[in-house]
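Colleague: Start from chain B and add chain C according to the hints.
Those sequence lines, one after another, are chains B and C.
Just so you know, we're using the working numbering here: the first sequence kicks off at 23 and counts up by one.
Just so you know, we're using the working numbering here: the second sequence kicks off at 23 and counts up by one.
Honestly, the hints are just simulated from the structure, not real lab data.
Owing to the predicted nature of the structure, the values given are computational and were not obtained by experimental measurement.
One or more of the hints may lead you astray.
The list treats identical chains as interchangeable, and a pair is accepted whether it falls inside one copy or across any two copies.
List time: in silico EDC-like cross-link candidates among lysine to aspartate or glutamate, alpha-carbon distance up to 20 Å [claimed, not checked]: (1) 347 to 102; (2) 259 to 249; (3) 224 to 189; (4) 347 to 107; (5) 347 to 105.
There are 2 protein chains.
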Amino acid sequence: MSGSLLLKSVRPGGGPAVDVRIDGGRITQIGPELPSVGADVVDGRDAIAIPGFVEAHTHLDKTLWGLPWHSNQAGPTLLDRIENERRLRAPLRLDPAVQSRRQAIQSIRMGTTHIRTHVDIDTEIELRHFEGVLATRERLRPYVDIEIVAFPQSGMLVRPGTVDLLDAAMRSGAAVIGGIDPSVIDRDPVRHLDTIFGLAHKYGTPLDIHLHEPNELGAFAVELIAERTRALGLQGKVMISHAFCLGGVDEPTLDRLLAALADARIAVMTTGPSGRPCPSIPRLRDAGVVVCSGSDGIRDTWGPFGNADMLERATLLAMRNNLRKDADLEACLDVVTYGGAAALGLPAYGTAPGSRADLVLLDCETLAEAVASKGPRALVVKGGRIVARDGECVVSPES
Amino acid sequence: MSGSLLLKSVRPGGGPAVDVRIDGGRITQIGPELPSVGADVVDGRDAIAIPGFVEAHTHLDKTLWGLPWHSNQAGPTLLDRIENERRLRAPLRLDPAVQSRRQAIQSIRMGTTHIRTHVDIDTEIELRHFEGVLATRERLRPYVDIEIVAFPQSGMLVRPGTVDLLDAAMRSGAAVIGGIDPSVIDRDPVRHLDTIFGLAHKYGTPLDIHLHEPNELGAFAVELIAERTRALGLQGKVMISHAFCLGGVDEPTLDRLLAALADARIAVMTTGPSGRPCPSIPRLRDAGVVVCSGSDGIRDTWGPFGNADMLERATLLAMRNNLRKDADLEACLDVVTYGGAAALGLPAYGTAPGSRADLVLLDCETLAEAVASKGPRALVVKGGRIVARDGECVVSPES
Chain B
23 MSGSLLLKSV RPGGGPAVDV RIDGGRITQI GPELPSVGAD VVDGRDAIAI
73 PGFVEAHTHL DKTLWGLPWH SNQAGPTLLD RIENERRLRA PLRLDPAVQS
123 RRQAIQSIRM GTTHIRTHVD IDTEIELRHF EGVLATRERL RPYVDIEIVA
173 FPQSGMLVRP GTVDLLDAAM RSGAAVIGGI DPSVIDRDPV RHLDTIFGLA
223 HKYGTPLDIH LHEPNELGAF AVELIAERTR ALGLQGKVMI SHAFCLGGVD
273 EPTLDRLLAA LADARIAVMT TGPSGRPCPS IPRLRDAGVV VCSGSDGIRD
323 TWGPFGNADM LERATLLAMR NNLRKDADLE ACLDVVTYGG AAALGLPAYG
373 TAPGSRADLV LLDCETLAEA VASKGPRALV VKGGRIVARD GECVVSPES
Chain C
23 MSGSLLLKSV RPGGGPAVDV RIDGGRITQI GPELPSVGAD VVDGRDAIAI
73 PGFVEAHTHL DKTLWGLPWH SNQAGPTLLD RIENERRLRA PLRLDPAVQS
123 RRQAIQSIRM GTTHIRTHVD IDTEIELRHF EGVLATRERL RPYVDIEIVA
173 FPQSGMLVRP GTVDLLDAAM RSGAAVIGGI DPSVIDRDPV RHLDTIFGLA
223 HKYGTPLDIH LHEPNELGAF AVELIAERTR ALGLQGKVMI SHAFCLGGVD
273 EPTLDRLLAA LADARIAVMT TGPSGRPCPS IPRLRDAGVV VCSGSDGIRD
323 TWGPFGNADM LERATLLAMR NNLRKDADLE ACLDVVTYGG AAALGLPAYG
373 TAPGSRADLV LLDCETLAEA VASKGPRALV VKGGRIVARD GECVVSPES
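If we strip away everything but chain B, and leave its shape as in the complex, we get (with noise of 0.2 Å):
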């Protein structure tokens, strides 16, 4: 929490400028010039004002952000990529909770408020990324939320150990349970599946779920997925991340799978990948599913790319859904602020009275503008206080 901080000129959601009074952590007032009593001032400068950008699917654990260039030398597959990550652990050294606090600091000074990041929980590394990023949680606590997913990245059952260690992870303040991909990782899709939705039952919490599965195989899953959410009453909990799927079946199969995901309210998280298939965002709209999106691994084994900017974010899925006016590029900014907050079921996010005082000022005209030219952050405000400024974050990523 914090003192009182009032926004002088500033204009939410790319309207008029007014003034926005923040006490306790929370947006109190919106008007023209609002009194500036028992608060510090900022001159928002006629700056567009939205709420914090809502990092969906992240791996704060694993990224080499900070470190020495790292060549790239996995495989192409998904198994590549999955293996080469386990056998340069040792070598790289890499310190969780340092590298999870550089990323997200990175993502401060982005706009972003809100972080929900899968950590690797396996055999070997047993719970330390995940004790690594609860400590960065910690620490970071009042800059930005970071939500844990318990992740069996290396699969589940076929490494004997693992439920024991998620569920250990659930105990110990993981907030959600994860999966992958339960034919091609784990090679029984239904035991994968009732395995994660055991752990979400017994622990009330939602589920996160990567789908690379392409095409056929992946629209399987889907309705595995779809099925298990209604028959536990997990509507509005459940998210499926990538469904590189939907962008591969056919126009009636995605029919199909798009009323499945709208009837069990399951979200859907897309990077916009450029280089593969992958889910259409005005066809999840229309449909009435959630849409939100993420950086995915930055900088790490896995690939060279990204920079944690969720608004740069939305000019990537914008070009890949080849959307050009105002509402569509609009709609890309909706899916890495409001649509973030809806798959994440965030309380009181947005930019009205009442709100929690989670803020990014552009210095952009109009939402389309900002989506379009990734303008620069101003100001970001968390829970009332000033987290970063002109893209400086007020906390040290070596601190």
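Modeller: Frame of chain B; chain C shown alone:
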């Protein structure tokens, strides 16, 4: 031309740090601890030095860069966008000289030292856009090379009088003759291509043909272009821009087209669009086809995106082609530098002694990291003259 310049401690091509001496617009010496006598000295602080980026495809005359936000209302087809643009030209009152200067200066800031720009010529605007860009070309001559393509954006045969205007432009300083979608726009592929190849033959100039036509229709155009290139001995002087069809035909057809392109030494320009099929850069390069890239239209009535950054373009190319290894990222950097130089036939391009002193200094660790990070441009040198420093051009866009 300019005086002498000594770049202390820079890393050509990402190699070891050396000094680079420039005299009379050329690189004259490379080595350790070169004498600074008679030269301005810049401390390169171990930055990577690469030759200036080649923007091989843009539309300087039509950008809205530097103007208030334009709300895009164009329909989805190519013809929609052409008609929308023609309709808006009068109300927008674009000044092609002012707009082309604005974008060219943005290019210089980002490290581009050579621009090929397609300039609209039609029976409504006649040569006015061409003359505006010609003025910018002359005005910015010390800072960036601008090569003008006389471009029949709205068709040529369907608008009688256009061919005479193209002919006039070729006499008045256009360096390249352009063409566009010979079946879709002019509805007569043979006569369209015969006309522009005739102009190229008459003036001894290269050709650069926009080819958005998809799949088999585009493949047919590629064949017609290759036949004419060989028949007129224009090998090495023809470029196909976009060539979307190469991303949409079956494997045997693709093999045949790639062989025809390589045989006729026809270069391909791809922007690596993420929202539609496009040529594979590895396939093109493996087949021996010269590949270059460009920004295409930047913030114009066609679409809101773009910033003239050819290093970011390399990033987008790598992502679009799902490339992650160092050598593959370097190949994408090659596309926006040496590939562009080869496609445009630029003499003495490079960083060896004798090369024209067109250089960019990148504050990056490796070439691959430059592509992944879109790293900052510390210095841009054109013909031995410093034209931008820390992202600021020495020429004001509004002067």
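Colleague: Hints first: check each against the structure and report whether it holds.
Modeller: For each hint, the structure was consulted:
1. 347 to 102: between (40 Å within a copy, 14 Å between copies)
2. 259 to 249: within (14 Å within a copy, 60 Å between copies)
3. 224 to 189: For residue 224 and residue 189, the Cα distance is within 20 Å only inside one copy (9 Å; across copies 77 Å).
4. 347 to 107: For residue 347 and residue 107, only the inter-copy Cα distance (15 Å) is at most 20 Å; the intra-copy one is 40 Å.
5. 347 to 105: between (42 Å within a copy, 16 Å between copies)
When the structure is compared with the earlier hints, no violation turns up for any of them.
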